[in-house]
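Asker: The listed protein sequences correspond, in order, to chains A and B.
Read in the numbering used here, the first sequence has 536 at position 514, and its numbers run on one by one without any break.
Read in the numbering used here, the second sequence has 886 at position 43, and its numbers run on one by one without any break.
Treat the hints with caution; some may be incorrect.
As the list claims (entries may be wrong) - Label-pair ranges, simulated between beta-carbon atoms:
| hint | chain 1 | residue 1 | chain 2 | residue 2 | range |
| --- | --- | --- | --- | --- | --- |
| 1 | A | V610 | B | S1370 | 51 to 61 Å |
| 2 | B | S895 | A | D602 | 28 to 38 Å |
| 3 | A | F578 | B | L1358 | 21 to 31 Å |
| 4 | B | H1137 | A | P274 | 50 to 60 Å |
| 5 | A | F578 | B | N1168 | 58 to 68 Å |
As the list claims (entries may be wrong) - Here are the simulated DSS-like cross-link-like pairs (lysine-lysine), alpha carbons at most 30 Å apart as the crow flies:
| hint | chain 1 | residue 1 | chain 2 | residue 2 |
| --- | --- | --- | --- | --- |
| 6 | B | K1366 | A | K622 |
| 7 | B | K876 | B | K1374 |
| 8 | B | K1291 | A | K146 |
| 9 | A | K611 | B | K876 |
| 10 | A | K622 | A | K611 |
| 11 | A | K611 | B | K882 |
| 12 | B | K1134 | A | K611 |
| 13 | B | K1291 | B | K1372 |
| 14 | A | K611 | B | K1368 |
| 15 | A | K611 | B | K1366 |
| 16 | B | K1134 | A | K146 |
| 17 | B | K1160 | A | K220 |
| 18 | A | K146 | B | K1363 |
| 19 | B | K1326 | A | K146 |
These aren't lab readings, by the way, just hints derived from the structure by calculation.
By construction, the Cβ of each residue, glycine as well, lies at the ideal position given by its N, Cα and C atoms.
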Amino acid sequence: MQFFSFLLTVLVPFVVASAAPAADYHEQLNLKPLPQNSLLASFNFRSNTSLPEFEAHNFRFFPRSLGQILQHAGTRELHLRFSLGRWDAETWGARPWDGTKEGGTGVELWAWLEAESDDEADHKWLTLTNALSGLFCASLNFIDSTRTTRPVMSFRPEGDHPNTTMANMHLLHGVLPREVVCTENLTPFLKLLPCKGKAGVSSLLDGHKLFDASWQSMAIDVKPVCPTGEECVLQIEQTIDMVLDIERSKRPRDNPIPRPPPSHELKCNTTKPYHADDTCFPTDSLNAQEWNLNQIFGKPMLGNCPLTDPKTPPVCIQAPHSRDVFTSMGVEELKEPGNENQRCYLLPSNDEEFHLSLPFMPRDGDRPKTDADEFVQPATPLLYAERSLTGHGQEHGGVQAILTNPSPGAEVEFVYMESLPWFMRIYLHTLKARISHRTGSDAGQTLHDDDDVIKEIYYRPFLDRQRGTQLEIRMKIPPGSTVFMAYDFEKTILRYTEYPPDANRGFDVAAAVITILPSNSSTTTTARRMSNLRTTSMLLNLPTPDFSMPYNVIIFTSTCIALAFGGLYNILVRRFVGRDEGPEVSLVKLRRRLQEAVQKVKARAMERLGAAGKEAKKVEGKSD
Amino acid sequence: MSADIINDGDSKPASAEATVSLPATGIATVERKEPPPEKDADTRRRTWIVISFWLIAVFIGLPIWWNTTTIYRANLPLTQMTDWADGKACEPVFPLRIALDVGSLPEQEAQNLLRLTQHALDDLNDFSGHHLRLQLAQAPAETITPVRDDSNVALTIRLAPGDAAHTASSSLHPHLPILDVQYPPNSLPTANSPSSGLATYIATQLGSTFAEEQNIISYLLETSSITSEHKPKGISQEVVDTVSKRMTRSLKYSQTYHLTFSLFTNGPVPSSWDIEAAIDEYLKPVLDMLKPIHDFTIDTQVQLYAAPGVQSQVLGKEDLSSFINAAEWPLSPSIGGAPTVNFIVYIGNQTIGVPSETSPGETSQSWMIPQWGSVYLLAPPAEATHVSSETLKQPILTFTSHLLTLLARIRSADLLLRASSSLGSLARLTLALPSISIPSNVADGVVKTIHHLELACASLGGAKSLEHARIAEAEAERAFFEKSMVGQLYFPDEHKVAVYLPLLGPIGVPLVMGLLNEIKTWKNKRSQKLKAA
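With the rest of the complex left out, here is chain B (with noise of 0.2 Å):
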C-alpha cells in the first residue's frame, strides 16, 4: 500500500505538496523489507520462555490460588453417615430376656416347656426387631431381690400350678416385673408332643403384653428412612394412628425436665393456692418413680390479670390450641437447656364444648398440648382468694397422667434413629451445598457420634445404649448446628468475576496470545519442513 503512495508520487509530480508533507506523520512512506531470518537460538529461548511462564502459572500460581480460596471442608465419613440414616449400619434389634421361673417343676420337663414355648412365640412374632427370648430363671424368683438386679431380664414368668379344673390364667404383678401364670396340672407338655396348650397360652400372653411395645418400634422403624429388610411388615393403621399420636405428643427426651405449674386467671383473685402441698402429695409419687430416668425441677407461679387468647365462655375445638396467650402470659423458655414442662391452671368460667371422645382420659376441664403440657380449667374457688389443696386434687391427678404421655418411653431406640437421621440430613446437606464450609470439629462430632451410635446398637435394650444413644444424639444435634456452618460464606458469581478479571485479564491475555503465537509458528515450521521433505 506504502508503495502505491510512492507510485502515485512518481506518476503525478504537480501534486508534491502532498509527499513533502509525509515524512512528518512518519512511517508510513518506509519500503517493508522481509526481517533478516530469526536465529535459531532466539527462536528456542522464546519457545522456552513461554513454556517456563505457563509451568509457572499452572504449576505454582494455580496451586496458591486453589489453596488460598477453597473453603475448609473437614472429611466426612459419608457412606458411613448415609449407611446410618439408611439403616444399614445397625440392625436394631431389641432382644428382650424372659425368665421363666418353673417352680417345682423338674429339671426336664422345664425345658420342654421352655422350647415349646419359644417355639410358640417364633410362631407368633414375623418381626425380628423385637424379640423375645426365654431362659429358665437362675433361682426361684420368691425373693424378689435376684430378678431386679438382673437388668438383662426384662419379665419374669412365675409358673404355679393351679386349680386343676380351671384353665390358666395369668395376672401381672402391679410394681415388679413379674407374670404369674396359673396352670392346671394337667396341661404340662409331655416329653416328646409337638405342641402343648399352656406353651401357646404363655406365648400368646407375652406376646399382648409386649404389643404396645412392639408397634411403638415397629413404628419409630416404619416412620424412619431405614429402607432395610429389618422394617416390620404391616403394622396396621390403627396401631400407627395410635402410636403416632403418642409420639408426636411426647417431649423430646432430656435428662432434665422443669416442671412449671402456673395459676392463672383473668381478675384479681385468687391470688394464693396450696400448690406446694398439693404436689407433695399427688404428683411426688410418680416423680420418686420416674426418678433414676429423668430429674424434675418443679415451679410454680400465681398470675393475675392474665386474660386468654380466646374470649369465648364455651371453647371449641379449635379455641384450645389459641387459649394459651402466648404473647402475654409469662412462659417464656427456661433456662439451662432443659425443656420446660408447663402446667397451668386457669380459674375462670369457661368451659370445653368438645365431647373429648377422641381421647379418652381426658376430662372435659382439661386438654393436653402436645410436647408443651397441659391446662385445666378450674371454677372460682368458693374462698375466692384462696385455692386450696382439696380444690388442686383433680387437676394435679390430671397432671400427672398428662406428665406420663408427655413423656414418651421409648427411648434408645428413638434416640438412636434421631441420631441417625440428623447424620444422615447432614450428609444430604454436604452434598448438596459445595460451598458451605465444614469446620473440622463437625467432623469431630460426626466421628463422636458414630462410635456412640456403634456402642448403643451393640447394647440395645440395655443400660448402658440409653446413656450412648444420648451421647450419639447430643453430638449429631451439635454437628448439625454448628454455628459457623449455619451462617455460610455466599460469593455470588459476578463478585469473583469482578474481583478476578482486573488481575487475570491484563495477565491471562498477553499469555494466551504469546502461546498461540508459538503454536502458530511452531505449525508453520513443522508445514515448511514437510513441503522440504
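Bound conformation, chain A alone (with noise of 0.2 Å):
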C-alpha cells in the first residue's frame, strides 16, 4: 500500500473535453457507485476518420474490417447492442447514456441503409447481417425477414447526413433476443479499439467479469459526424456498460464459488429476540465495502492508450468529493469546480499500471459517515416500464405492460415499439390503456380520460411465415400516474420443423423499445434529450407438440389399416364350414389337450383316494 498516495483535494482547473471530433481517438472509463454494493462502470471508446480517407480505404484508427463491411453494404449508420441481464431502475434509477446506449436482451441491430428500393435495401440488409455475424461470432445472419422492421416512429438517425443521402435511406432493425452473449463476442469487439485491449482503460475488460455482471450491454455506433465549420468524419462509439455486484466481482479467480462465512464473521440483527451466541439472523449487509480496480476487474489497468489526447483523463469517478479515493504515484486528480460529484484522473505517460482503490470508511466513530458519503443517490428515471404475459391455457395470451411516470410535475411522451414473431397472432381491438393515479390523495383511482393516453398507433400485421407483428403506440402519461396496457393474443401451432431443438424452453419474445421524445416544455437536461428505455424480454410458451409424434402416427395408422384390412381379407377368402368340419385350429387343440391331462390327473387322484378310503374302512372293520 506504501506506493499509493492520498490525494487531498488538490483543485486543478480542467474543463471536460467535449465530445469535439478533432482528435482521431478518445477513450474514458467513468465509474460510477450505486446503492447496494454496485458499481456501474462505463467505458467509451470513440475514434474518426475522415470521410475521403473512409473511402479511399485507408484506415488507421477505425477499424478496416468493420469498414469494408460498411462499405459493401451501403451502411451509412450503423448501431449494434450486445445486453444481458436486467437494470434495475427502482434501486438504481436513471440509465447510463439516457439509455441509447443499450439494447434488448441478446442482440440488436439497426442501420441506416442507402438503397433506391426496399428489393435493394432488404438485399443489403441481408449482406450486412451475414457479414457481421462472421465479424462479432454472433448469429446475426438469422436476423431474417420475420425478424426484421422498419420503425416509422422510433428511430431517428443520429448522424448528420447530408438531404441527398437521407432521401434514399432505409431504415431497418432487428432483434435476436435469444442470443445468449459472452466472450466469443467480446473478443472481436476488443479487437475493433486501436489498443486492443493491451494498454489503456480496455486492458481491465476482461470476459470472466463482464459477463457476470449483474447487467452489461455493449454498443458499436457508427455515424458520420459533421462538426460545424469543419470536415465531416465518421465516427466509430464504442460503448461498454456494466453493473457489478462489488461482493461478487471480488471473489478470487482461482476460487469462485461462494461459501458461507466463518461465524465469527456473521454480521447478526441483534434486535431479534431470538439473537443469542448460537442463534443469528443475517443482517443485509449494505455496508460499503471496500475494493479496487484490480479486484473487481480481475486484472490492472496498464497505463495510458498512446493514441489519446494527453489532456483527456481516461478515468473519472462520479462519488461525492467526500468519499475517500486512493491512487498510486504520478496521478493527477482534477476536479471541475461546479461538480461536486466528479473526479477525474490523468495518468503519467509512462506505462505504468494504474491503481485506484476505495477503502472501507467507518460508520462510526469521530466521523462518522453516510450512504450520502458513500455514492451519489441516483437520478430518478423519467419512465418505469415493465411488461409481462398473461392469459391462459395453450392458445389465449396476452401481454400487459405497466408504465409509470414517476415525476410530480411533468407528462412524459414517448413511443412504445413491439416487434412481435408472427406466430403470436395478436389482436389489435383488444389493445386497452388504463390510467390511475399513483400518487396523492386519489391514489389508485382510474382516470376518467382513457383515450388521451394513446395517441398514435402504427400497425403493421403480420404474415405467416414472412414477417412479424410491428406495433409503435405513441402515448402520453400524465404526471404521477401509470398506464395498464394490455391487448390479447392467439398462439399458434407451428409446423413439425419449426420447433427449435428445445422448444419445451418457449419463444424469447424481443424488448418492446421505448423512445422517450423530447418534450421543451421540461425544465430538467435529461427530458430535453431523446432518450431510450427497454423492457425485459419475455418468455412464450407455445403449445408443443410431442416430437416422436411422426412414429406414432405411422404406427397407429398402421394398425387401423392392418386391422380393416384383415378382417376384410378374411372374410373375402376363408370358407365357411360347420364347427365339426374344418380342420382344428391350434389352440383349441391345445386347450383340448391341456383339459385331457387335467382329466386324467383327476381320474387318478380319484383312484388313489376310493383306494385309501376302502383301506381305512378295512382297518375300522378290524379294530371292530
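Now that you have both chains on their own, put them together as the hints suggest.
Answerer: Printed below as a string of C-alpha cells:
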C-alpha cells in the first residue's frame, strides 16, 4: 500500500474535453458507485476517420474489418447492441447515456442503408447481417424477414447526413432475443479498438467479469458527424456499460465458488428476540465495501493508450468528494469546480499500472460516514416500464405493460414499439390502456380520460412465416400516473420442423423499445434529449407437440389399416364350414390337450382316494 | 383324438363326472366330419380374390410407394462428365500463332524460310498440346498497331539483316510481343536446301521463349486426372518441382482481388504511414499493367499492439508459418466473394535466420505465404511514430514481385482442368452415394458447365476461352457445392424397419399366407387330376 498516495483535494482548473471529434481517438472509463454495493462502469471508446480517407479504404483508427463491411453493404449509420441482464431502475435509477447505448436482451441491430428501393435495401441488409455475424461471432445471420422491421416513429438517425442521402436511406431493425452474449462477442469487440485491450482502459475488460455482471451492454455506433465549420468525419463509438456486484466480483478467480462466511464474521441482527451466541439472523450487509480496480476487474489497468489526447483524463469516478479515493503515484486528480460529484484522473505518460482503490469508510467513530458519502443518489428515471405475459391455456395469451411516470410535475411522451414474432397473433381491437393515479390522495383511482393516453398507433400486421407484427404506439402519461396497457393474442401451432431443438423452453419475445420524445417544456436537461428504455424480453410458451409424433402416427394408422384389411381379407378368402367339419385350429387343440391332462390327473387322484377309503374301512372293520 | 375321449367315456362309465363337464368346454367333444365338397365357383372366386389383391399391391401399391419414397435425383450426363474429367472430351491444344515479319525479303525466300523454320520447330517439339504455328506477317511490323490488334498472334519475329561477320542474334522487345532477330545475310536458306542455320536458330529461340509456358501446360496436364495420349511425355522432375511450387503458391483465379496492406507493430508506435503515396509510386504501374485481366481494390490499415505468433528474435523456417497470429490479427476474410491478398509490414526487431537460397529473389526480410500474401519485416523507423514513403519503397517493391508470383498466368487451361475435375468428382460422388438427392439446379449447372467447357475448348488460346472457362469453373463449383446436397438425407435401416414393419407385417402376412394356401390347393388339385388320369 505504500505506493499509494492519498491525494488530498488538489483543485486543478480543468475542463472536460467536449465531444469534439477533432481528436482521432478518445477513451474514458466512468465509475459510478450505486446503492446496494453495485458499481456502474461505463467504458467509452471513440475514433474518427475523415470521409475521404474512409472512401479511399485507408484505415488508421477506424477498424478496417468493420469499415469494409459498411462500404460493401452501403451502410450510412449502424447501431449494434449486445446485452445481458436487467437494469434495476428502482434501485439504480436512470440509465447511463439516457439508455441510448443499450439494447434489449440478446443482440439488437439497426442501421440506415442507402438504397434505391426496398428490395435493394433488403438485399443490403442481408449482406450486412451475414458479414457482421462473421465478424462478431454472433448469429446475426438469423435476422431474416420475420425478425426485421422498419420502425416508423421510434428511431431517428443520430448522425449528420446530407439531405441527398437522407432521401434514399432505409431504416431496418432486427433483434435476436435468444442470443446468449458471451466472451466470443467481446473478443472481436476488443479487436476493433486501436489499443486492443493491451493498454489504456480497455486493458481492464475481461470476459469473466463482464459477463458475470448483473447487467451489461456492449454497443457499437457508427455515424457520420459534421461539426460546424469542420470537415465531416465518420465516427465509431464503442461503449461497454456494466453493473458489477462488488462483493461478487471481488471473489478471486481461482476460487469463485461462494462459501458461507465463518461464524465470527457473520453480521447478525441483534434486535431479533432470538438472537443469541448460537442463533443469528444475518443483516443485509449493505455497508459499503472497500474495493479497488484490480479486484473487481480481475486485472490491473496497463497505463494510458498512447493514441489518446494526453490531456483527456482516461478514468473518472462519480462519487461525492467526501468519498476517500486512493490512486497510485504520479496520478493527477482533477476536480471540476462546479461539479461536486465528479473526479477524474490524469495518468502519467509512462506504461506503469494504474491503481485506484476505495477504502472502507467507518460508519461510527469520530466522523461517521453515511450513505450520502458513499455514492451519489441516482437520478429518478423519466419512466418506469415493465411488461409481462398474461392469458391462460395453450391458446389464449395476453401481454400487459405497466408504464409509470414518476415525475410529480411533468408529463412524459414516448413511443412504445413492439416487434412480435408472427406466431403471436395479436388482436389489435383488444388493445386497451387504463390509467390510474399513483400518488396523492386519489392514489389507485382510475382516471376517465383513458382515450387521451394513446395518441397514435402504427400497426403493421404479421404475415405467416414472412414477417412479424410491428406495433408502435405514441403515448402521453400525465404526471404521477400509471398506465396499464394490455392486449390479447392467440398462440399458433407451428409446423413440426419449425420448432427449435429445445422447444419446451419457450420462445423468446424481443424487448419492447420505448423512445421518450424530447419535451421542450421540461426543465431538466435529460428530458430535453431523446432517451431510450427497454423492457425485459419475454419467454412465450407455445403448444409443443410430442416430437415422436410421426412414429406414433405411422404405427397408429398402420394398425388401423391392418385391422380393416385383415378383417376384410379374411371374410373374402375364408371358406365357412360347420364347426365339426373344418380342420382343427391349433389353439383349440391345445386347450383340449390341457383338459385331457387335467382329467387324467383328476381320474388318478380319484382312484387313489377310492383305494385309500377302502383300506381305511378295512382297518376300521378290523378294529371293530 | 376327441374320439378317444368318447371311447374313454364308453369304456369307463364310472368316471361320468368328467364327461358331464365337457359340454361346457365346447367343441372338443364334437366328432370330426369331412366338409362338404366345395363348389367350383367358390374356389374360383377365392382364387380371383387372392390374385386381385396381389395385383393391386404390386401394380398400384408398389409404384406409389416407390414414387413417394425415392429421393429426387436429376439426370446427370455421367458419361460426359467422366469423359471431361478423363480428358477424353477435349484435346487441350494451345496453338500459338507466330508471325514472321521478314521485312524486305522477297516472297519466295520468305516462304522458304517459313517452311524450314516450321520443320525445325516441329522437330524440336514433341508435345502436341502446345503448338507453335508460323505465318507470314500481313503487314510490315514497323507500325505496332496491327500486331496488337490481331489477338491471335502471340509473337512477331522481326527479321532484319545484320552484320555479315556475326552470327544471328535476337532480343525480346521489353514491352511488346516482338522478337527481333538479326541475321547475317549469307545465312538465308537457298531454295532447295533441306535445312538452314537461320531456321534452326529461330526455332531454338522460340522454343526457349515459350519453354516456361509449355512446362506449365505440361505440368497441368500431368497433374490433372487426364489419362489420354495428349499427355506430354517426360517432363523432368526438376521442371515439375519448380512449376508445382509456382502453381501451389498462386491464388485461385478471380476477376477481382482485394489487396490489403497492413502495418502491424507490437507496441503503440508507429501509428501512421505514408502508404498511399508509396502505393501510388511503386505499385500502381504494375496494377495498371494487370488491369485488363484483373480488377484490384486496395485497403490499408494500421494495427497496434499486435503480437506475432512467434516471440523469438530470430525466426527459423518453421516459425515463418506461425508468425501470422491469425487468432488476434484482424485479417478476417474479405466479403463479396473476391479473394484478399494480404501484405503485411511488421515493424519489429525480428530477423529471419534461414538463408533463403531455396527461393532466390526473396530478401531475408520477407517471405511469401502461398495463396495468402506476404510479410515484410521492417526495422523500427528513425522517426518513431511515422513510417515514411521512402522507408516503404523496398517493402512495396517486394510485395509487387510477390503479387506477380501469387497471380498465376496460365489461366484458361487451369480453369478448364479445374472445372473438368469438379465434374469428375461430382460424377463419382453421384455414383458412390446412391441415397444423395440431386436437385435439378445441379443438373442445370452441369449442363451449363459442359456447354461452356466445349466453347472454351474450341477457342483455347483465344481471348474468349478465358471467359468461357471462368463461367464453366464457377458453374462446376456451384453444382458441386450445392447446399441441399451437402446435408444429404440419411435414414438408417433401423428407422426404415421401424416405419415399415407395423404396416407391412399385419398386411403382408395374410397376403402371403393366402397366396401360399392357394398354391397348395392348386398343386393338390393338379396331382389329384394326374392321379385320376
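Asker: Hint by hint, note whether the structure agrees.
Answerer: Structure-based check of each hint:
1. A:V610 to B:S1370: 51 to 61 Å: violated, 29 Å
2. B:S895 to A:D602: 28 to 38 Å: holds, 32 Å
3. A:F578 to B:L1358: 21 to 31 Å: Check passed, 28 Å falls within 21 to 31 Å.
4. B:H1137 to A:P274: 50 to 60 Å: Once the Cβ atoms are compared, 57 Å apart, the range 50 to 60 Å for A:P274 and B:H1137 holds.
5. A:F578 to B:N1168: 58 to 68 Å: Cβ of A:F578 to Cβ of B:N1168: about 60 Å, so the range 58 to 68 Å holds.
6. B:K1366 to A:K622: violated, 42 Å
7. B:K876 to B:K1374: holds, 24 Å
8. B:K1291 to A:K146: Answer holds: B:K1291 to A:K146 is near 29 Å, not above 30 Å.
9. A:K611 to B:K876: Status holds; Cα separation ~16 Å.
10. A:K622 to A:K611: holds, 17 Å
11. A:K611 to B:K882: holds, 28 Å
12. B:K1134 to A:K611: Violated, at roughly 96 Å.
13. B:K1291 to B:K1372: Violated. B:K1291 to B:K1372 sits at ~68 Å, over the 30 Å cutoff.
14. A:K611 to B:K1368: Judged against 30 Å, a Cα distance of about 28 Å means the pair holds.
15. A:K611 to B:K1366: Answer holds: A:K611 to B:K1366 is near 27 Å, not above 30 Å.
16. B:K1134 to A:K146: Roughly 28 Å separates the two Cα atoms, so the pair holds.
17. B:K1160 to A:K220: Within the cut-off at roughly 29 Å; holds.
18. A:K146 to B:K1363: The hint is violated at about 74 Å.
19. B:K1326 to A:K146: Roughly 22 Å between the alpha carbons, so the hint for B:K1326 and A:K146 holds.
In the structure shown, a violation is registered for the earlier hints numbered 1, 6, 12, 13, 18, in ascending order.
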